[in-house]
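Novice: Chain by chain, the residues run as shown.
4 protein chains.
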Amino acid sequence: MAAPRNKRKIFNDPVYGFIGIHNDLLFDIIEHPYFQRLRRIKQLGLTHLVYPGALHTRFHHSMGAMHLMTKALLELQYKGHELSEEEVFGAQAAMLLHDIGHGPYSHALENSMVNGINHENISQLFLSQLNGFFNGELELAIDIFNQNYHKSYLSELCSGQFDMDRLDYLKRDSFFTGVSEGVINYERLLNMINLRDGSLVIEAKGIYSVEKFITARRLMYWQVYLHKTVVAAEFMIMKLLKRAKEIRADDKQLFATPALDFFLRDEVTEEAFTHDPQVLQHFALLDDYDVFTSMKMWCTHPDKVLSKLSASIVNRRLFKVEMQNHPFTEDYLATLHQKTKRTYGISEREASYLCFHDKTTNAAYRAGSHHIKILFKDGSVRDIAEATDELNINLLSKPQTKYFVCYPKDIS
Amino acid sequence: MAAPRNKRKIFNDPVYGFIGIHNDLLFDIIEHPYFQRLRRIKQLGLTHLVYPGALHTRFHHSMGAMHLMTKALLELQYKGHELSEEEVFGAQAAMLLHDIGHGPYSHALENSMVNGINHENISQLFLSQLNGFFNGELELAIDIFNQNYHKSYLSELCSGQFDMDRLDYLKRDSFFTGVSEGVINYERLLNMINLRDGSLVIEAKGIYSVEKFITARRLMYWQVYLHKTVVAAEFMIMKLLKRAKEIRADDKQLFATPALDFFLRDEVTEEAFTHDPQVLQHFALLDDYDVFTSMKMWCTHPDKVLSKLSASIVNRRLFKVEMQNHPFTEDYLATLHQKTKRTYGISEREASYLCFHDKTTNAAYRAGSHHIKILFKDGSVRDIAEATDELNINLLSKPQTKYFVCYPKDIS
Amino acid sequence: MAAPRNKRKIFNDPVYGFIGIHNDLLFDIIEHPYFQRLRRIKQLGLTHLVYPGALHTRFHHSMGAMHLMTKALLELQYKGHELSEEEVFGAQAAMLLHDIGHGPYSHALENSMVNGINHENISQLFLSQLNGFFNGELELAIDIFNQNYHKSYLSELCSGQFDMDRLDYLKRDSFFTGVSEGVINYERLLNMINLRDGSLVIEAKGIYSVEKFITARRLMYWQVYLHKTVVAAEFMIMKLLKRAKEIRADDKQLFATPALDFFLRDEVTEEAFTHDPQVLQHFALLDDYDVFTSMKMWCTHPDKVLSKLSASIVNRRLFKVEMQNHPFTEDYLATLHQKTKRTYGISEREASYLCFHDKTTNAAYRAGSHHIKILFKDGSVRDIAEATDELNINLLSKPQTKYFVCYPKDIS
Amino acid sequence: MAAPRNKRKIFNDPVYGFIGIHNDLLFDIIEHPYFQRLRRIKQLGLTHLVYPGALHTRFHHSMGAMHLMTKALLELQYKGHELSEEEVFGAQAAMLLHDIGHGPYSHALENSMVNGINHENISQLFLSQLNGFFNGELELAIDIFNQNYHKSYLSELCSGQFDMDRLDYLKRDSFFTGVSEGVINYERLLNMINLRDGSLVIEAKGIYSVEKFITARRLMYWQVYLHKTVVAAEFMIMKLLKRAKEIRADDKQLFATPALDFFLRDEVTEEAFTHDPQVLQHFALLDDYDVFTSMKMWCTHPDKVLSKLSASIVNRRLFKVEMQNHPFTEDYLATLHQKTKRTYGISEREASYLCFHDKTTNAAYRAGSHHIKILFKDGSVRDIAEATDELNINLLSKPQTKYFVCYPKDIS
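Residue numbers (the working numbering), protein chains in the order written: chain C, 1 to 412; chain Y, 1 to 412; chain D, 1 to 412; chain E, 1 to 412.
Chain C on its own, in the form it takes in the complex (with noise of 0.2 Å):
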């Protein structure tokens, strides 16, 4: 591990206490505006409408995954798994920058105006400039991120079905949330990681708390992820984007900041992204600040859909939606869909933008190739899903798909 230096700095955080960071250059990368610019990104977007202390940003996440990757390699050289100072610090710049690629309101950013290029793509760019910034030194880093490096549990570590990433996304979450439901054990958790033939396990001891941890992912997915509230503003600021995206085609003088008119004019394709540098920068500066000024600015808008969808959110009046396990009849959805047309007078086309429908999904566990490895006393080692005979993993692995009908409450 990186021996001490004089410079070590300290991060207050309500979560930990402290997180400590004792390696310049990993100190050098937080400075860096790509990763500042996290500090300007909601880590759960418009959840803060439903629950309204959830305004924290994905750069305290970023910062919380990489405390707990540092924890967890602290725990793995303890057990005595030997570990260069090198490979500490490429797993701890990996879980620093995994979420370096995502986008203000990611996903419906990713849903309305980048298509076809999804946040962990843009993270590989970013983590490709930020190399050649670094002088090569984040080669490591990102051999783990891509999990081209052969100790494979690096990247295990830093994604998979127990990873540092969820563990403090699920507590911290769960503390600005205030849900406590999802309130997890990290240390004990912690304290039971270890390695077999290369590959992360968790000693049998800790299966409860394990299990724990896959239900309180469960929890957190009904009650905060995909709370109908939540999905329905979610819906609601891509179905926005979608609007502005199509109005500024034909109105040159529509309201956007700079960082967000590039992203509305023009088409921007994957190809685009790749190569053009000038994409990747003006992403660099995109972040809720755009999104939601302009949002403020859409709400006199004449376009009645922009204007009602804008100010819906920016006044909090939120669109009624329904939700349950099976679709809706096409009969339901129809009238729905008349009354909207109806009472706001307008077009078949633009209703879908107040009245839509969709549905989503939901897998606590996913049994498979990240599955979660339970080590035994005995030597052996069993998947979670097998491992443990009364909570039905397999049950919980099965997606949930709930459907839902969003519309302005209105409607009549």
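Note that these hints are calculated values from the structure, not bench results.
One or more hints might be untrue.
Same chains, same names: a pair is fine if it fits in one copy or spans any two.
[What the hints assert, rightly or not] Subject to a maximum C-alpha distance of 25 Å in a straight line, what follows is the list of computed BS3-like cross-link-like pairs (lysine-lysine): (1) Lys-9 - Lys-409; (2) Lys-359 - Lys-402; (3) Lys-9 - Lys-71.
Predicted model, so just to flag it, every value in this text is computed and none were measured.
Got chain C; can you put chains Y, D and E on it based on the hints?
Specialist: This is chains Y, D and E only, laid out in the frame that chain C set:
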């Protein structure tokens, strides 16, 4: 609800902050020596040998359950369900006194000395005595305790699948052991209770909190209540008390405090308990101090079994315990038994006190008459086991059995 | 107290668990865009640059203060002090709206753009408008807010040395920053309040909790509110807004959102604020998004001062700040000033925006008309400053002044 | 620091989550019956009669203090101060064993039965015995305990104005009593420690945390340790033990457990304690169970004083206590005394056991040789009492004396 009186008492409680007593009679019951005695009986017996913080008493738990009952009744009143001052007091008193019949190391005691009579029976006897003492003012509390009152939900809040007893003990045991897996959001749960057709129901939006409650309970069972070392200690003290009783039959000099000696020297039948007031009087004097002090004295007793068991508990040299999901083979058990005989130079019969096997069973949720009912927005009511398609409550309802064998660590 | 109605709303709050709204009109006020706007104004301005969790809003704080007011009134009612339904609502509404006049980065704004009018004045204007909107139903709330109601303790609970405002913000700021020094036991404090001769008093047994409250406040001042980096950031944004206003006078093209531009382009007098409804309307549209988005645009502005200050805040390259208990020497300040001029090649006047000094003052407790009164068992009432002979409250009352100087890190 | 060995033990602790033991010898000390005995001695004696959660033991506190010592040493090593494996172990063991000489209800015991010898002396004797048992491996620990080791800061961490003992007991007592006034941010404090000229110092940025620590200690004194009912209970048990000793002189039949009887029947001198190994052996068997069980038996003893005091503690009918800042008048005390005599029909001398007065003294901070030193950025070191101009530490240093008188509630 009882009008506020001048005499308001506040008890400090690290779990809820404060527990307020707004009713003079309730306060008088708390002051009675029968109730004060619960200050000297640990809620979790010998669990503190594994979780050193778990020293909290049945006194504190009873106060906590009563506190939650008060909150639950306020919630129901708030939702428009009328309750008289007498009913509120009755439910509070029933909750406060629900564990009054517990003795020290209750499970061990019931299985060694007061055979054929359990703590519920003894609670009845205490309630009856106290009712006399308080001039019949506990009549209604007794009816609620016995499920004889027409507002059956008051009894359900005292004792059911979702009662204030469980709500408090999960929260409290979790707090004092430090096992965060048992943390439950009792405020959210209490916000969601309601009545339907005279029965307690949970409103549908609280369904995930109920699931969390059931899961938390299950995890507390495996991590605390049925922790293999806890189970071993509990069986050791049971064996110890049985042995002491056996020795007492011949050896009148065996030390025991008077209260304990009373139960060691004679077979106490249910008949005697009910009709001979002396029995309950002696029982009312029995607490952890009697048992533990006697054990301390027995550490040097010439009987090898008695002294071995006593010293093992007092100095925390707990026996080895193996626990598994299927029964041990007869061969394996016989071998351990033989080794124990040989190592200690004791008889077959004596060895059975030091080397023993048994099983424990746990179901997180029992479907049936006292099931947890969920109230949906359309007014329908369904058992939680049917209402949630994601968590397999039926699976959680299946009792889990674990088999264990215990023996001294030094046998060879 | 208002009889329970059907429409009960619950807000999630990680600080208190839940905040319940039991009154329809109160809920309607919360839904009003004027109040919803507080969702977009952070309680602690730029403090999150030092404590990354401190992103909570004035919305959440206002809800919390109102929640504590509800609890305080219940306590007083419980102790036999009668309050009508209207009075309860009045006090709740006054508390809920006490910060309605705050703008984004309030202190900076008041000292740069809306000179001569502070947030209390603006709150008055909003209250008056809302009262019109709600058909005069806020009359009593306004009286309480203005300390014109005969039950003066209701005003004391809103604004005094021991009010629900402070109680909430200490607790909340402590929670979100993670600075545990500010943790206060609000339940114990609320349990101890009472009235004497129509004034709010704290019962003597709560004296240590009051001391803790005063000490906690003092520690929060030095560790958070007056943390030198926080102070630096706040003064930087104030200088920045002043500079922007200066530039706007000549440069009509300077980007600013319409709401911000309104206050940049003209001098807004108190007179105008009071009599021109347009002013308040524009103010009601102004929030953190306007200021921050404009700052982001100004990062590339040709004016060296504007762009330097903007980029320093946006990318968190905060200025160096020195803070001490006595004034800096003229010589030292002149040297820093000269270096700033030279390094940036700017004029004397321009340099004063980048290199500046000032002082901050804090007294943990102010004796005087709104002192905290302690009620002793013998019925006597004394000021806390006299009642406690152990803690020198008089000393805490002495204002502490700290002097600071700020300048870019790269001057030489 | 000791290289990790295979045998790593984890203790559950609700205060810190887990306490890890990474050293086999340390674990062996914990397993020794002398140390296990601390499991049966409550940290706060009879305080649980006022704060029902305060049942935690000296075992748990000793473990906690050792845990903080480990963390403190890691911090110092991290800051470049070298420590050998032996020194780390020595400091851990010294901390672990610092309270080994405490008996049950320690203060009462020292003032009634083992006059002239206090718990520090007895700790010495235990340390010496254990050192023999562990083949001299505790030599260094003893030197540190006795402040004889040249790295004096190790002794300061064990026992000083800012030591790991206080840090743990404030945190732990606060947790189990529920008195949040004592909550301290031990992580922040430990982050700030350093060495200067071989002495422990706190870095200046931690000055507010130190103030909080001193204030928290003071508040815990008045709210818990010197709570008037706690003080009353403690003096009652002291009077009770004195009376028992007096009776034992004449009445050989007085019940007492053998360990307690040993100290009741003879005057145990310091001489005897040091030279007669039997004395320490008996002391090592004495715990809360001996005292409380004997008290239970004494409830029916014919001596009015003994039975009254015993029953009052066992059934929690505590005496009335008055406490004030100045001495009580002779007249008032005489009147109470007379009433007690008359009510119980007892002699002057007997009455002095039931009606008694005394005083208690507390200083939150004692300036002097072991003061808390603050290290400033310029390298200077100052006593906290001089370093902070806001809080009057000198005032906190002034001992506060409170006078009290105790007597049965039913005297008339």
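Novice: Does each hint fit the structure? Answer for all of them.
Specialist: So, going through the hints one by one against the coordinates:
When the C-alpha separation of Lys-9 and Lys-409 is checked against a cutoff of 25 Å, the pair qualifies only between copies, where the shortest distance is 18 Å, while the shortest distance within a copy is 50 Å. In the homo-oligomer, the alpha carbons of Lys-359 and Lys-402 lie at most 25 Å apart inside one protomer (5 Å), although the nearest pairing across protomers, at 42 Å, exceeds that limit. Taking the shortest alpha-carbon separations for Lys-9 and Lys-71, both the intra-copy value of 16 Å and the inter-copy value of 18 Å come in at or below 25 Å.
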